[in-house]
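Enquirer: Required output: the full structure, derived from the provided sequences and hints.
Residue numbers for the sequence shown follow the UniProt record's numbering, beginning at 1 and rising by one.
Since the hints were made in silico from the structure, they are not lab data.
Hints may contain errors.
Simulated pairs of lysine to aspartate or glutamate, DMTMM-like, Cα-Cα distance not exceeding 20 Å [said to hold, decoys possible]: (1) Lys105 x Asp266; (2) Lys105 x Glu87; (3) Lys105 x Glu124; (4) Lys105 x Glu94; (5) Lys105 x Glu153; (6) Lys143 x Glu153; (7) Lys143 x Glu236; (8) Lys105 x Asp89; (9) Lys143 x Asp79; (10) Lys143 x Glu124; (11) Lys143 x Asp169; (12) Lys105 x Glu139; (13) Lys143 x Asp167; (14) Lys47 x Glu36; (15) Lys105 x Glu136.
Pair ranges (Cβ atoms, derived) [stated by the list, open to error]: (16) Ser210 x Pro43: 48 to 54 Å; (17) Leu137 x Asp177: 22 to 28 Å; (18) Leu294 x Ser224: 44 to 50 Å; (19) Asn267 x Ser224: 54 to 60 Å; (20) Gln278 x Asp169: 29 to 35 Å; (21) Arg13 x Gln278: 58 to 64 Å.
Here the structure is a predicted model, which is why all the values come from computation and not from measurement.
Even for Gly, the Cβ is constructed at its ideal location relative to N, Cα and C.
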Amino acid sequence: MPEFPTLQQLRSRLRIRHLVLLDELGRVGNLHRAAEAMHLSQPAASKLLGEAEGLAGQALFERSHHGVAPTALGLLMIDRARLLLNELDATHAELAAAAKGATGKVRAGIFPVVAHLLVPLAVERLQATHPALRIELSEGLEKQLLPALRAGELDCVVGRLGVEGADADLQCEILYDEATAVVCGPAHPLASRSRLSGAALDRYRWVLPSRNAALYSMVAAAVSARGAGFPQVAIESSAMLTIVSLLQRTSLLSAIPLRVARALADNGQVAILPLALQARLHPVGIMTRRGAHLAATVSLLLEALREAAAAI
Numbered sequence: 001m002p003e004f005p006t007l008q009q010l011r012s013r014l015r016i017r018h019l020v021l022l023d024e025l026g027r028v029g030n031l032h033r034a035a036e037a038m039h040l041s042q043p044a045a046s047k048l049l050g051e052a053e054g055l056a057g058q059a060l061f062e063r064s065h066h067g068v069a070p071t072a073l074g075l076l077m078i079d080r081a082r083l084l085l086n087e088l089d090a091t092h093a094e095l096a097a098a099a100k101g102a103t104g105k106v107r108a109g110i111f112p113v114v115a116h117l118l119v120p121l122a123v124e125r126l127q128a129t130h131p132a133l134r135i136e137l138s139e140g141l142e143k144q145l146l147p148a149l150r151a152g153e154l155d156c157v158v159g160r161l162g163v164e165g166a167d168a169d170l171q172c173e174i175l176y177d178e179a180t181a182v183v184c185g186p187a188h189p190l191a192s193r194s195r196l197s198g199a200a201l202d203r204y205r206w207v208l209p210s211r212n213a214a215l216y217s218m219v220a221a222a223v224s225a226r227g228a229g230f231p232q233v234a235i236e237s238s239a240m241l242t243i244v245s246l247l248q249r250t251s252l253l254s255a256i257p258l259r260v261a262r263a264l265a266d267n268g269q270v271a272i273l274p275l276a277l278q279a280r281l282h283p284v285g286i287m288t289r290r291g292a293h294l295a296a297t298v299s300l301l302l303e304a305l306r307e308a309a310a311a312i
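Expert: Spelled out as structure tokens, the structure:
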């Protein structure tokens with residue numbers, strides 16, 4: 001196997017077809033099927049793979065009669081190939097948009113905690129100043145959004161920082177630290193109470209975000225301080241729209257971000273209960289790939305998020 005190439009050699013010899021082949025082999029694990037997908041003969045695909053391995057300085061796949069399996073370096077190269085191909089796709093989309101007179105596109109992943117207030121306000125500001133900008137929002141949790149960010153499928157993720165999976169390869173910017181409010185529907189029997197007893201709290205069950213042990217602990221500490229037992233969770237949901245709808249239709253209680261609770265209460269959609277939660281969850285912020293170049297469109301969205309965060 002050739003010796004490890006210099007950076008100049010890598011830049012001059014690496015071709016997009018090498019990246020596409022690595023991506024296809026990572027998907028199908030078979031050289032013949034990868035060649036078919038790329039409309040190549042198998043010998044041509046085999047030659048292309050040899051070139052890629054020559055650039056890497058060692059084998060990227062182990063061959064067998066069952067197909068090919070990536071080595072540890074092969075897995076790394078597949079991930080890098082997919083990241084570069086996703087960046088190429090984004091560049092193509094920006095060029096196509098520019099050809100149509102638009103000003104580009106930005107792709108953001110958003111956690112449910114910011115989907116109701118922060119992100120809509122930021123998008124409203126951005127649409128007012130850059131109406132031709134296309135904004136793609138993907139709502140989800142960290143297990144879906146952070147891998148997509150790392151793979152270059154998203155330009156940024158907005159949500160709580162410090163979540164599982166937010167490692168050192170991500171750049172994190174805090175927008176605000178937020179308290180949590182206990183809420184109920186506007187017609188709930190507790191909605192007009194100025195003080196809550198443990199007995200009153202024990203009568204009602206809760207709707208809380210799925211698998212959020214920190215929030216449950218905060219709620220449990222608050223209700224036990226009033227003499228109530230552990231909160232009984234009837235429904236788990238991370239979707240703010242679902243939580244608000246349930247509060248309006250049932251006697252459930254919930255705990256949601258204070259800024260969101262105030263906005264909903266101002267519109268008569270929920271009532272904020274006099275039950276203070278002493279601890280705080282992780283701050284809300286922006287995550288991007290560390291060291292990645294941020295397109296002008298992404299920078300526009302980030303600035304709009306900063307302005308919206310300062311205004312709420």
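Enquirer: Against each hint, give a clear statement of whether it holds in the structure.
Expert: Hints, one by one, checked against the model:
For the proposed pair Lys105 and Asp266, the alpha carbon gap of about 33 Å is over 20 Å, so the pair is violated. Between Lys105 and Glu87, the direct Cα distance comes to roughly 12 Å. Compliance with the 20 Å bound is thereby established for this hinted pair. Proximity of Lys105 to Glu124 is assessed by CA-CA distance (about 15 Å); at most 20 Å being required, the pair is judged to hold. Simply put, Lys105 and Glu94 have alpha-carbon atoms about 6 Å apart, close enough for the 20 Å limit, and the pair holds.
Between Lys105 and Glu153 the alpha-carbon distance is near 12 Å, which keeps this suggested pair within the 20 Å criterion. Of the supplied pair hints, the one linking Lys143 and Glu153 holds, its CA atoms being roughly 14 Å apart against a limit of 20 Å. Among the hinted pairs, Lys143 with Glu236 is consistent with the structure: their alpha-carbon atoms are about 17 Å apart, no more than 20 Å. Distance restraint check for Lys105 and Asp89: the Cα-Cα separation of roughly 12 Å lies within the 20 Å cut-off, and the hinted pair is therefore satisfied.
Using a Cα cut-off of 20 Å, the hinted pair Lys143 and Asp79 holds, with the two alpha carbons roughly 17 Å apart. This hinted pair does not check out: Lys143 and Glu124 have alpha carbons roughly 27 Å apart, beyond 20 Å. Distance restraint check for Lys143 and Asp169: the Cα-Cα separation of roughly 16 Å lies within the 20 Å cut-off, and the hinted pair is therefore satisfied. For the given pair, Lys105 sits about 17 Å from Glu139 by alpha-carbon distance, which is consistent with the 20 Å threshold.
Our distance criterion of 20 Å between C-alpha atoms is met by Lys143 and Asp167, whose separation comes to about 13 Å. Between Lys47 and Glu36 the CA atoms are separated by roughly 14 Å; this keeps the pair inside 20 Å, and the hint holds. Distance restraint check for Lys105 and Glu136: the Cα-Cα separation of roughly 7 Å lies within the 20 Å cut-off, and the hinted pair is therefore satisfied. The beta-carbon spacing between Ser210 and Pro43, approximately 51 Å, falls within the hinted interval of 48 to 54 Å.
Judged by the Cβ atoms, the range 22 to 28 Å given for Leu137 and Asp177 holds: they are separated by roughly 24 Å. Separation of Leu294 from Ser224 is about 46 Å and conforms to the stated range, judged on CB atoms against 44 to 50 Å. For the pair Asn267 and Ser224, the beta carbons lie near 31 Å from each other, so the given range of 54 to 60 Å is not met. Our hint of 29 to 35 Å for Gln278 and Asp169 holds, since their Cβ atoms are close to 33 Å apart.
A beta carbon spacing of about 60 Å between Arg13 and Gln278 agrees with the range 58 to 64 Å that was offered as a hint.
Hint violations for this structure: numbers 1, 10, 19, all remaining hints satisfied.
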